[in-house]
Amino acid sequence: MFTNYLKIAFRNIIRKKGYSFINIAGLAIGICCCILILLYVQDELSYDRQYEKANRTYRVFIRGVLAGGAEMNMAITTAPLAHTLLQEYPEVEQVTRFRNFGFPVVRYQDKVFSEEKFFWADSTFFEVFTLKFLRGNPKTALTQPNTVVLTRSTAEKYFGGEDPIGKSLNTDNRRDYLVTGVVEDVPHNSHLHFDFLGSLASYDDSRNPFWLSNNYYTYLVLRQGESPEELEGKLDDVVRKYIGPALLQIAGINYDQMVEAGGSYGFFLQPLTAIHLYSDLDYEIEPNGDARYVTIFAVIALAILLIACVNFMNLATARSSSRAREVGIRKTVGSSRMQLVRQFLAETIFMSMLAVALAALLVEFVLPLFNALTRKNLDIHYFDNITTLPVLLGLALLVGLVAGSYPAFFLAAFKPIAVLKASPLGSGASRSSFLRTGLVVSQFAISIVLITGTLVVHKQLQYIQNKKLGFNKEQILVVQKTDDIGERVHGFVHELRQHASVVNVSNSTHLFGRPFNSNGHLVAGASGEETHILWEMSVDYDFLDTYEIEMADGRFLSREFLTDSSAIVINETAVKAFGLTDPVGKVLVELGRTQDEAINHTIIGVMKDVHFESLHQRIRPMSVKLFRRGMLGRYVSVRLTPGNIENTRALIEETWHKFAGPQAFESVFFDQDFARLYDNEKTTGRVLTVFAALAIFIACLGLLGLASFTAEQRTKEIGIRKVLGASVPNVVFLLSGEFAKWVLAASVLAWPIAWYMLNGWLDNFAYRTALEPGNFVLAGLAALVIALLTVSYQTIRVAIANPVKALRCE
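In our numbering, the protein residues as written are 65 to 874.
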């Protein structure tokens, strides 16, 4: 019986080539899109799940509010927290910490590299993050000071085929590290990537007992069966026991006073497997993903697959009349309704399997393009992974059942007497027509939502790129890691100023668009309850002119005033936060470990607000100070004259090597670096554009099939109309009008859905574009024009046909 079903299915595919092509091609494209997006979603959901204790591992983070309302949400905690958790809470099985002390220049013989992925960790690191050791012992590799573990690729980079164990690497010409282990490269789907992991015991700061100095990422593993919620509830005791006294020590207020003034401070637990998609804290180790975009992509995959299934249902019910007589004959000779249902479902599943096979080939072809689109390195293994083929088979069955269920039951319900006597559809015709209308409307509603989303996402990106940031980000080349050459950086900066193609040069500890340090400050004479957080950076005298920032009040740091070594410049938001009416001349106190260690800074000026972070974040209180004695900036920003940028860059690189020797020259154009803040949004915009186009294409394939069928069904009617005097435009309008009504109805359905979804997405930005009606109207018009162009060939062909032939077509 099943073999017979397949034969019939194959014969129908051959007999109706155009109909079959539209169905199989539409399904294949829809399934291909679905597979690609599911690969992306699977990759995003897989982060950090490769570690053996991942389901019991949590990161401790800080959430708090200062009395002035400033929020603290930090991924870093204090040095003594880890030891305290392990000693005082028996439900904690293990803890580990790590941090970054900088980006050292690493040397081995004649190999010199400036390294960004150099972290220092506790000896327990590999008990929490269970990476595979290729050489060395994970339990002892980091127990001694001045030891380091390398990844496989790093070991090959420095030592080639040599065994690195027992050899030493030098950092910054200051410290030698003994290589004690080599591990496999950290998988791409990890929120933390390192090339070097040094022993945290090398640094005295790792034993810093001060509870309000936050620099360490702290992770803990719970014992089997222990509840993270219960442990989190106990962490308030840690705050009261240790944070309270530290607060009294530095600010002169106790914990209860802070709470009474509206403040809060707490330690919280974050599941390791949730960090990549659900964490957006200050001082994240790396840029994370976003669960909202994963959801968006998953919805797009489902929507496109649904459009492809709708095509099949539409065309199958539309062409039901061509198979009605077959149904009648089969029922007459004894076929039951369920036998017919099984036959039609078998045909649909057969076509679905052909579509899945074609989709698999398409995936292989377009996967590199999709990787470039999403900035991923995805791959699909049809035979290496035992789940791939069963999943594809299941997908074929699911699509076949979803797409073919209604047509199968619809066709099997025909009454043989009515079918063989007269109308093959009988009373079901109106129901079939109504269903087709609903399906086409739903198809185009989904497409219009995607088109609207594409327009709004691109508009928001344009808004971000064109919004005035308060400084000039163009024509600036940033030389990175300049602190690696020590005091020679001063000579480097001085010589750059002599070049005619250099407008200005400035050295700074931080860079706009990258993480800042933050510290508590209060107005001199105010109580500790009025402490506010300032995001701070240290700069030289030329920073303001290099970035072309305007002053709102007072002046900037100047070589003419020796007292500026203790001065501070704040932004307008900081003035509001401190409640100052005449800020210049006031003194801000920078809190230290004790009240005696506090530092006074006189406000000499107020900068106009600049967006030193992304537009997701409202401008926060910021301060600028001169370098302290012995401090070196990490970034040298060079403003260039227009034209010959590459020649000037080469000149700057030549100057760098004059002072830095063979050390690598690392530079980036500031505007490009700042644009990285919106990589997720750019990816979403590209994906939306491509898949909105594909959704429209699949919908139009179905519309083309329906238009062909409609024209065929109404051939005689059109012939009569033309004999009675109807013109070609009249006939075209008649045939196109029905499709136009469907698209207009789809627009009315799609607009509120699109508005709701896009308004929620835009709420992610502190600064956003408006949702203008024009975007929605334009999306509807675009869908309408595309639909009319799709059906135009069929409508015009029928409209200009000879009416005599039309009347003889019966």
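Derived by calculation from the structure, the hints in this document are not laboratory data.
Note that the structure is a prediction, hence the values are computed from the model and not measured.
Take these hints with a grain of salt, some might be off.
What the hints assert, rightly or not - Beta-carbon label-pair distances, calculated as ranges:
{"no.": "1", "residue 1": "Thr359", "residue 2": "Glu551", "range": "24 to 34 angstroms"}
{"no.": "2", "residue 1": "Gln151", "residue 2": "Gln208", "range": "20 to 30 angstroms"}
{"no.": "3", "residue 1": "Ser678", "residue 2": "Gln106", "range": "44 to 54 angstroms"}
{"no.": "4", "residue 1": "Arg127", "residue 2": "Glu612", "range": "32 to 42 angstroms"}
{"no.": "5", "residue 1": "Asp227", "residue 2": "Phe625", "range": "51 to 61 angstroms"}
{"no.": "6", "residue 1": "Ser678", "residue 2": "Glu551", "range": "32 to 42 angstroms"}
{"no.": "7", "residue 1": "Gly694", "residue 2": "Ile450", "range": "28 to 38 angstroms"}
{"no.": "8", "residue 1": "Leu453", "residue 2": "Leu842", "range": "26 to 36 angstroms"}
{"no.": "9", "residue 1": "Glu551", "residue 2": "Arg623", "range": "13 to 23 angstroms"}
{"no.": "10", "residue 1": "Arg623", "residue 2": "Lys440", "range": "45 to 55 angstroms"}
{"no.": "11", "residue 1": "Thr705", "residue 2": "Gln736", "range": "14 to 24 angstroms"}
{"no.": "12", "residue 1": "Pro454", "residue 2": "Arg216", "range": "15 to 25 angstroms"}
All C-beta atoms in this analysis are idealised placements derived from N, C-alpha and C, irrespective of residue type, glycine included.
Structure-based check of all given hints:
At roughly 51 angstroms, the beta carbons of Thr359 and Glu551 sit outside the given window of 24 to 34 angstroms. A beta carbon spacing of about 23 angstroms between Gln151 and Gln208 agrees with the range 20 to 30 angstroms that was offered as a hint. Here the CB-CB span from Ser678 to Gln106 is close to 28 angstroms, at odds with the stated 44 to 54 angstroms. A C-beta distance of roughly 36 angstroms is found between Arg127 and Glu612, which places it inside the suggested range of 32 to 42 angstroms.
As the Cβ distance of Asp227 to Phe625 is approximately 58 angstroms, the hint placing it in 51 to 61 angstroms holds. Between Ser678 and Glu551 the CB atoms are about 34 angstroms apart, so this pair conforms to the stated range of 32 to 42 angstroms. Here the CB-CB span from Gly694 to Ile450 is close to 60 angstroms, at odds with the stated 28 to 38 angstroms. The supplied range of 26 to 36 angstroms is broken by Leu453 and Leu842, whose beta-carbon atoms lie about 43 angstroms from each other.
Distance hint for Glu551 and Arg623: a CB-CB separation of about 18 angstroms, consistent with the stated range 13 to 23 angstroms. Checked against the hint of 45 to 55 angstroms, the C-beta distance between Arg623 and Lys440 comes to roughly 49 angstroms, which is consistent with it. Look at Thr705 against Gln736: about 19 angstroms separates their beta carbons, and that is inside 14 to 24 angstroms. Judged by the Cβ atoms, the range 15 to 25 angstroms given for Pro454 and Arg216 is violated: they are separated by roughly 33 angstroms.
The structure is inconsistent with the numbered hints 1, 3, 7, 8, 12, although it conforms to all the rest.
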